[in-house]
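Peer 1: Going down the list, the sequences are from chains G and S.
Just so you know, we're using my numbering here: the first sequence kicks off at 93 and counts up by one.
Just so you know, we're using my numbering here: the second sequence kicks off at 93 and counts up by one.
Each hint should be verified, as a subset may be incorrect.
Identical copies go unnamed one by one, so any copy, or any two together, can satisfy a pair.
Claimed, not checked - 25 Å max Cα-Cα, derived SDA-like pairs, lysine to any residue:
hint, residue 1, residue 2
1, K105, I122
2, K105, L118
3, K105, D132
4, K286, R206
5, K105, E219
6, K105, R129
7, K161, Q301
8, K179, P218
9, K286, L174
10, K105, S128
11, K105, F278
12, K286, P204
13, K187, S128
14, K105, Y274
15, K161, A306
16, K105, E116
17, K179, S256
18, K179, V150
19, K179, P204
20, K286, M93
21, K105, M93
22, K105, P123
23, K105, H250
24, K281, A306
25, K187, R262
What the hints contain is simulated information worked out from the structure, not anything from laboratory work.
Protein chains: 2
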Amino acid sequence: MIFSETERNAVYKAIHGRRDVRSEFLPEPIPEKVLSRILDAAHHAPSVGFMQPWDFIVVRDPEVKQRIKEGFITAHQEAAALFEGEKREIYRTLKLEGITEAPLGICITCDPSRHGPVVIGRTANPEMDLYSSVCAVQNLWLAARAENLGVGWVSIIHHEALRSALGIPRQIVPIAYLCVGYVSQFHEKPELEKIGWLPRVAIDSVIHQDRWRAAE
Amino acid sequence: MIFSETERNAVYKAIHGRRDVRSEFLPEPIPEKVLSRILDAAHHAPSVGFMQPWDFIVVRDPEVKQRIKEGFITAHQEAAALFEGEKREIYRTLKLEGITEAPLGICITCDPSRHGPVVIGRTANPEMDLYSSVCAVQNLWLAARAENLGVGWVSIIHHEALRSALGIPRQIVPIAYLCVGYVSQFHEKPELEKIGWLPRVAIDSVIHQDRWRAAE
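Produce the complete structure using the sequences and hints provided.
Peer 2: This is how it looks when you write it as structure tokens:
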């Protein structure tokens, strides 16, 4: 299957147009067919030794979302205390999640024991199963963008809060809680870049040839 | 930027046609423009707090590749000893990397200290920086597929072997070593599925509604 230039450009459009959405979610529901396609995209991520360690918990229940939101609030208050001076004030004003506004939540997890203890490719690097589930997140995110759906990754929440809200067993590792929905707009740039929190790093500064280049 | 159905299909084509390539690399060089585009795709991955913690070491030097290959051989021999009976015999016959055949290697790393100790979104989950670099890997992999380039992730190698071959400083975490090149073909299915090592998991068995469903 060769890619045409048009097809290639569409893939780059998804990669460059993908955003972390927090504020622009619309309440309109996501058709089941669309949801199936983005979950299937996640399920076709690369996985170490083909272990497919992921599960997907699709959250529609407002009470469950409210419990997730409470977990966010706790972790967010703890986080604010870690920033100093002006940064703390700015941090407090940022809207960092759309848990209750987004019509869907999707929690992606990793089951390290799926298919037994020895996995091809995970022997030297046991974290490879977690990384497989992260690849599933990114597949889902890009597929969602191609479906004109926004996604926001809520990482300001403790594993225990997710486990408790979603009934996730102890041996399963939460990887991501995603807010998913149609949006009023996609920002042209990442919001943290737009407000000047951090600049886009110059790409030349992170590319090395053959060996790590010592910092100038 | 709305996606048309044609554009959406192109994104799914990349997601579903992406393979982990080990045996099919061709020696023809990758044009600089193409390499720039796939690295730029990786650089536009989501990152926690916009920290962009990744670096990319582009490997062309055959001696450096040889050292990576030796690191693989060591870890591969250790791994073989962990499989039992028939699985061990099968494991030994699998070709699991194309380090010296692929015209390019790309090592993707994570710098946990980039932009200082406190990062938005990494406060409750310190592993989020590693996950950002994994998202960069998946962006690169899909962009490569859209460029008709194959990618293989070599995870059977210890961090120390990568650090030593590539001069990676102690505080930087190696995330992935990728083999990249044009290919004679893309397999229709993952090779481990094709040979019956593991089946594709039924997607319904990994989707839950609102709460984790206890195993039947």
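Peer 1: Work down the list of hints and note, for each, if the structure agrees.
Peer 2: Outcome of the hint check:
1. In this assembly of identical chains, K105 and I122 lie within 25 Å of each other by CA distance both inside one copy and across copies; the values are 22 Å within and 22 Å between.
2. Taking the closest pair of Cα atoms, K105 and L118 come within 25 Å of each other only inside a single copy of the chain (22 Å); across copies the shortest separation is 28 Å, beyond that limit.
3. Taking identical chains as interchangeable, the C-alpha atoms of K105 and D132 lie at most 25 Å apart whether they share a chain (20 Å) or sit on different chains (12 Å).
4. With identical chains, the CA atoms of K286 and R206 are at most 25 Å apart between copies only, with a shortest distance of 19 Å across copies and 42 Å within one.
5. In this assembly of identical chains, K105 and E219 lie within 25 Å of each other by CA distance neither inside one copy nor across copies; the values are 30 Å within and 28 Å between.
6. Both within a single protomer and between protomers do K105 and R129 lie at most 25 Å apart by alpha-carbon distance, with minima of 19 Å and 12 Å respectively.
7. Taking the shortest Cα distances, K161 and Q301 sit within 25 Å of each other only across copies (18 Å), while inside one copy they are farther apart (45 Å).
8. For a Cα distance limit of 25 Å, the shortest separation of K179 from P218 across copies, 19 Å, qualifies, whereas the shortest one inside one copy, 36 Å, does not.
9. Only within a single protomer do K286 and L174 lie at most 25 Å apart by alpha-carbon distance; the minimum there is 23 Å, versus 50 Å between protomers.
10. With identical chains, the CA atoms of K105 and S128 are at most 25 Å apart both within one copy (22 Å) and between copies (16 Å).
11. In this assembly of identical chains, the alpha carbons of K105 and F278 lie at most 25 Å apart whether taken from the same copy (12 Å) or from different copies (23 Å).
12. In this homomeric assembly, K286 and P204 come within 25 Å of each other (Cα to Cα) only across copies, at 23 Å, whereas the closest approach inside a single copy is 38 Å.
13. Taking CA atoms no more than 25 Å apart as the test, K187 paired with S128 passes in neither setting, with 29 Å inside one copy and 34 Å between copies.
14. Taking identical chains as interchangeable, the C-alpha atoms of K105 and Y274 lie at most 25 Å apart whether they share a chain (17 Å) or sit on different chains (22 Å).
15. Only between protomers do K161 and A306 lie at most 25 Å apart by alpha-carbon distance; the minimum there is 24 Å, versus 43 Å within a single protomer.
16. Proximity of K105 to E116 under the C-alpha cut-off of 25 Å is restricted to the intra-copy arrangement: shortest distance 20 Å within a copy versus 28 Å between copies.
17. For the homomeric pair K179 and S256, neither the shortest alpha-carbon distance inside one copy (31 Å) nor that between copies (38 Å) is at most 25 Å.
18. Taking CA atoms no more than 25 Å apart as the test, K179 paired with V150 passes in neither setting, with 34 Å inside one copy and 36 Å between copies.
19. In the homo-oligomer, the alpha carbons of K179 and P204 lie at most 25 Å apart only across protomers (19 Å), although the nearest pairing inside one protomer, at 37 Å, exceeds that limit.
20. For the homomeric pair K286 and M93, the shortest alpha-carbon distance between copies (18 Å) is at most 25 Å, but the shortest distance inside one copy (38 Å) is not.
21. With identical chains, the CA atoms of K105 and M93 are at most 25 Å apart both within one copy (20 Å) and between copies (9 Å).
22. When the C-alpha separation of K105 and P123 is checked against a cutoff of 25 Å, the pair qualifies both within a copy, at 23 Å, and between copies, at 21 Å.
23. For a Cα distance limit of 25 Å, the shortest separation of K105 from H250 qualifies neither inside one copy, at 33 Å, nor across copies, at 35 Å.
24. Neither within a single protomer nor between protomers do K281 and A306 lie at most 25 Å apart by alpha-carbon distance, with minima of 30 Å and 41 Å respectively.
25. For the homomeric pair K187 and R262, neither the shortest alpha-carbon distance inside one copy (30 Å) nor that between copies (35 Å) is at most 25 Å.
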